[in-house]
Amino acid sequence: MTTAQATPQAPSPAPATDLAVSARGLVKRYADTVAVDGIDLDVRRATCVGVLGPNGAGKTTTIEMLEGLKNPDAGEITVLGRTWNGDRRDIQERIGVQLQEAEFQDKLKVFEVLRLFRSFFQNGADIDQIMETIGLTEKRGAYVKDLSGGQRQRLSVGCALLNNPEILFLDEPTTGLDPQARRRLWEVVEDFKAKGGTILLTTHYMEEAERLADEIFILDRGKVIAQGSPESLKATLGAESVVQFTFGDGNALSEQDLSAFEGVQSVRREGASMVLTVVRTQEVIAQLFDAARTQNLLLDDLRTHRPTLEDVFVSMTGKTLRDE
Amino acid sequence: MNLPEIKELTRVRVLGLLREPEAVFWVFAFPIILAAVLGFAFRSAGVKPSTIGLIEPASQMLTQALESDEQIDLETYPSWDEGFKQLRKGAVDGLIMEGGEADDPPRLAYDEARAEATTARLRVQRALTLAKSPGTDAPIDLEPVTETGSRYIDFLFPGLIGMNLMGTGMWGVGFAIADIRRKKFLRRLLVTPMRKSSFLLSFINSRLVFLFLELILLTSFGVWVLGIPFRGGLIAYLLICLLGAMLFSGLGILVASRARTIEGVSGIMNLVMMPMWLASGVFFSYERFPDWLHPILQLLPLTAVNDALRAVMLDGESLATQIPELIVMGVWAILCFVVALKIFRWE
Ligand SMILES: Nc1ncnc2c1ncn2[C@@H]1O[C@H](COP(=O)(O)OP(=O)(O)OP(=O)(O)O)[C@@H](O)[C@H]1O
Ligand SMILES: [Mg+2]
Chain A
1 MTTAQATPQA PSPAPATDLA VSARGLVKRY ADTVAVDGID LDVRRATCVG
51 VLGPNGAGKT TTIEMLEGLK NPDAGEITVL GRTWNGDRRD IQERIGVQLQ
101 EAEFQDKLKV FEVLRLFRSF FQNGADIDQI METIGLTEKR GAYVKDLSGG
151 QRQRLSVGCA LLNNPEILFL DEPTTGLDPQ ARRRLWEVVE DFKAKGGTIL
201 LTTHYMEEAE RLADEIFILD RGKVIAQGSP ESLKATLGAE SVVQFTFGDG
251 NALSEQDLSA FEGVQSVRRE GASMVLTVVR TQEVIAQLFD AARTQNLLLD
301 DLRTHRPTLE DVFVSMTGKT LRDE
Chain B
1 MNLPEIKELT RVRVLGLLRE PEAVFWVFAF PIILAAVLGF AFRSAGVKPS
51 TIGLIEPASQ MLTQALESDE QIDLETYPSW DEGFKQLRKG AVDGLIMEGG
101 EADDPPRLAY DEARAEATTA RLRVQRALTL AKSPGTDAPI DLEPVTETGS
151 RYIDFLFPGL IGMNLMGTGM WGVGFAIADI RRKKFLRRLL VTPMRKSSFL
201 LSFINSRLVF LFLELILLTS FGVWVLGIPF RGGLIAYLLI CLLGAMLFSG
251 LGILVASRAR TIEGVSGIMN LVMMPMWLAS GVFFSYERFP DWLHPILQLL
301 PLTAVNDALR AVMLDGESLA TQIPELIVMG VWAILCFVVA LKIFRWE
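So the sequence lines, in the order shown, correspond to chains A and B. So that you can map any letter, position 30 of the first sequence is 30 in my numbering, and since no number is skipped, the others follow by simple counting. So that you can map any letter, position 128 of the second sequence is 128 in my numbering, and since no number is skipped, the others follow by simple counting.
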């Protein structure tokens, strides 16, 4: 049974470009929301781009449009110099995709899942080799339903690696995993990157973005609100450090009082604690201690740290990256 | 065509099914059991005696005449009213009592609309005639037909095979697709270069893997246990079943191609299967419908399958004589598959 789309196409010569993925003016609307509202996004070859954003920011919608799974309502996408309308199969042969919520058939064994996915591609890796890469060799005969969350996620990434892709798309690959499982997955991704692979990943985790990404896009309500390398993003904050503490029993200072301090840039509450982004750390701490002595305040759990992407994010959106 | 991917998709389907014992039961064992039970139930559709209610008191002659007839079971009631209640319920096929005056003939009440009652009437009449003047039975040589091939069960069995091809094909495929939809697995496949036709074909293929197992079980049950004659060629029979199975799994894909839920699938499934259950000659010949309807009924997929199976099994016809039926089946198979491929809801 042949269909029009089944005719093999000679791979069209890819235009010379160092962009693996390029998107211009992407828009996706749903009945009651504009999920993606005019996003431009480029991924250079052999780099890792991280897309950060809170729940519902439009990360999945964006990445799925780039993967050719959703049609944008407006905008242009090229992947490896090709467009989804023209060279669909050709692109698919050369990218690897892990979806945020894809389940495999429960009663399939690890190697059966890999063998199935391998059969879709003309060229690719050996499944034993992939099992080695994702560290599931001992689990080759285990049912999918008996795998831990981390193992299942690695299998999912393994399926995305089967065709030796040029680009790897990962949608929240480590959400819900414990730190150890998360690190194991990072190793797989770093290994792929070390071999010259290009990665586009979405995440809620700053740590993940800082560790893996060369370039970060911060999304909120379907728009890119900041973009740059982790360092340059932190630099835009203009803060030297972040000072964090809680008031113990007794008196406390209000947010206004604190922002009146010399060298304080911004103040916010995070649960019980106060978080200050500051320009001159030492001065601010000195003022805090003065106030504590004169006004009889109890300072608990005082910490300072360098600004993180989380701080950048919060200062830009007033929201934390995760709901919890 | 990408053969490795068709092979792997099929293998995964088959494994998935084999590893769900419940699914195996409902999809495969259940239809076989159903066919077996129906087959058994209709196997000895031997003549049932008529039950006649007799109102007491009655003359000895009348009682004896009825009692001596082996095709009549006699029940007695003390009053007409009492007996009439049983007649109304259908517990007796006819109700008889002595006439009022000495010479009056007995009175027989029966429901003209019931075939059993008409039979009962004839039997009572014959019993009474014979009692009056023995040896006056009609001058006909009676030849009860016991030859295999012309009993009801012989007619029924190919219909059951057809029904089974339809039920198993459609439920098996329809549910499998609904189940895959539920799991969001489909989206994962869509970001690979997998051909959509391979995916849909794998459902038909996995159906065919089980088909032969099923056919061997069902057919040997029919032939060895029920004594159904098998007059035509085995190859012809298998080819018809094969085409039938492909056709019905194609129809199953089509039915499941838009529905989002299992409930949706079963609804449409019933809507599609019910008319064929009734009008495609499973339990009774579609000849019973008005003549003008026959050409239309013959275009139904199950009618074509049943007609071809009967012709081959019972009449020993060759495949060549079944070309029109085969064309109907083939056209349905291709049509369903192509339309399903067009309208299938992948997201
Ligand atoms: N199929 C859909 N129909 C309607 N609205 C949708 C659909 N998919 C996404 N949305 C909406 O679009 C917005 C963006 O969703 P999206 O899944 O892209 O967010 P996300 O950044 O991936 O969030 P998360 O971190 O929770 O995965 C949300 O408001 C969501 O409710
Ligand atoms: Mg998401």
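Calculated from the structure, these hints are not laboratory results. Every residue, glycine too, gets a C-beta built ideally from N, C-alpha and C. Do not take every clue at face value.
As the list claims (entries may be wrong) - Label pairs and their calculated CB-CB ranges:
{"hint": "1", "chain 1": "A", "residue 1": "246", "chain 2": "B", "residue 2": "184", "range": "40 to 48 Å"}
{"hint": "2", "chain 1": "A", "residue 1": "304", "chain 2": "B", "residue 2": "20", "range": "33 to 41 Å"}
{"hint": "3", "chain 1": "A", "residue 1": "29", "chain 2": "B", "residue 2": "209", "range": "30 to 38 Å"}
{"hint": "4", "chain 1": "B", "residue 1": "184", "chain 2": "A", "residue 2": "302", "range": "22 to 30 Å"}
{"hint": "5", "chain 1": "A", "residue 1": "56", "chain 2": "B", "residue 2": "209", "range": "51 to 59 Å"}
{"hint": "6", "chain 1": "A", "residue 1": "141", "chain 2": "B", "residue 2": "298", "range": "47 to 55 Å"}
As the list claims (entries may be wrong) - Partial chain B-side listing against chain A, Cβ under 7 Å, derived:
{"hint": "7", "residue": "8"}
{"hint": "8", "residue": "12"}
{"hint": "9", "residue": "175"}
{"hint": "10", "residue": "183"}
{"hint": "11", "residue": "191"}
Verification of the hints:
no.	hint	verdict
1	A:246 / B:184: 40 to 48 Å	43 Å, holds
2	A:304 / B:20: 33 to 41 Å	57 Å, violated
3	A:29 / B:209: 30 to 38 Å	45 Å, violated
4	B:184 / A:302: 22 to 30 Å	47 Å, violated
5	A:56 / B:209: 51 to 59 Å	45 Å, violated
6	A:141 / B:298: 47 to 55 Å	52 Å, holds
7	8	4 Å, holds
8	12	5 Å, holds
9	175	14 Å, violated
10	183	5 Å, holds
11	191	4 Å, holds
The earlier numbered hints that this structure contradicts are 2, 3, 4, 5 and 9.
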